Every structure is written in structure tokens, then in C-alpha cells.
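All chains, please: the whole structure from these sequences, using the hints.
Read in order, the letters of the sequence shown correspond to residues 14 to 156 in my numbering.
Mixed in with the good hints, there may be bad ones.
[What the hints assert, rightly or not] Listed below are the simulated DSS-like cross-link pairs for lysine-lysine, each with C-alpha atoms no more than 30 Å apart in a straight line: (1) K33 with K49; (2) K107 with K53; (3) K140 with K89.
Think of the hints as simulated: they come from the structure by calculation, not from any bench. Every value quoted in this text rests on a predicted model; they were computed, and no experiment measured them.
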Amino acid sequence: MMRPELEIARQLIEEKQFDKARMVLQKASDDPMAQKWLDKLDEMSPAAKPIQHLNGNGHSGSGQTDGWQYGALEVKRSYGTQYRFNGGAMPDWKDQPIYYALNELGRDGWELVSFDGRDETTVYILKKQGAVLENKKVEVWDQ
Numbered sequence: 014m015m016r017p018e019l020e021i022a023r024q025l026i027e028e029k030q031f032d033k034a035r036m037v038l039q040k041a042s043d044d045p046m047a048q049k050w051l052d053k054l055d056e057m058s059p060a061a062k063p064i065q066h067l068n069g070n071g072h073s074g075s076g077q078t079d080g081w082q083y084g085a086l087e088v089k090r091s092y093g094t095q096y097r098f099n100g101g102a103m104p105d106w107k108d109q110p111i112y113y114a115l116n117e118l119g120r121d122g123w124e125l126v127s128f129d130g131r132d133e134t135t136v137y138i139l140k141k142q143g144a145v146l147e148n149k150k151v152e153v154w155d156q
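Structure below.
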């Protein structure tokens, strides 16, 4: 009979949820079969490497891989309401009320932290549990 962890991992692998399967298999790493599956998973889909974050003095922090992702929802009210999330235009949300945009982001795990507004633009700061997988600069609106 197969260990429950291996059965769960098998289902996750079939669903192509490799990172979740990897976490389950690591809990059963004392089992030779689990170790064999982990090795195979690493060949098929290498584990995502967390970005090393620096604290204010330029040194890495505690090395903890989980934390928060932060996002910015920019709302521009000029000739209608336009939305951008993390620099990307959200044309499907045009002219929708703010609660619509916040609910859409909430479905993906984002929660509102703060907001600030000036003139016709309001920026809502949101956070989501999890390590930052990619942090890149984006184009900004012409001011």
C-alpha cells in the first residue's frame, strides 16, 4: 500500500502542480520512493528559486523564503475610469467601480493595505502571501 503522502503527490503531479507535490514529497523524504519522485520532479520541473531580498543596509535578511508580494492598483479618473495593475493596463475593468477591481484581485489572494490619491489618480497598495517570484520595472504613465 502506498503512503498517503505519495498518493497526494501523485495526484498533484497529474494536475501539474509540481511545487505543491514537491512540498508534500519533502515531508516524506525518508521514504526512498518519495526521494526518487523528488529527483524526477527536479528533472521535469526545477524548483523555483526564491529571490534573495536585501535589507536597508544591503545585506540579505533572515533567508526566509515566504513573505509578501506587493502590488499597486492605479486608478485614473479622466474621461472614464482606467485601471492598471502592477504597470499593466486592465482594459476589461474600464469604467467599473473600484469594488469590482478589488474583488477581482481578491480572488487571486490580494488584499488592500493602503491607498493614496492625488488629483485624478489614486493608487491602492495590495499584498498577497508568498515569495516574490519576479520583480521588474514597468513603464509608467506620462505625467
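**Asked** Checked against the structure, which of the hints given earlier come out wrong?
**Response** Hint check: 2 fails alone, others pass.
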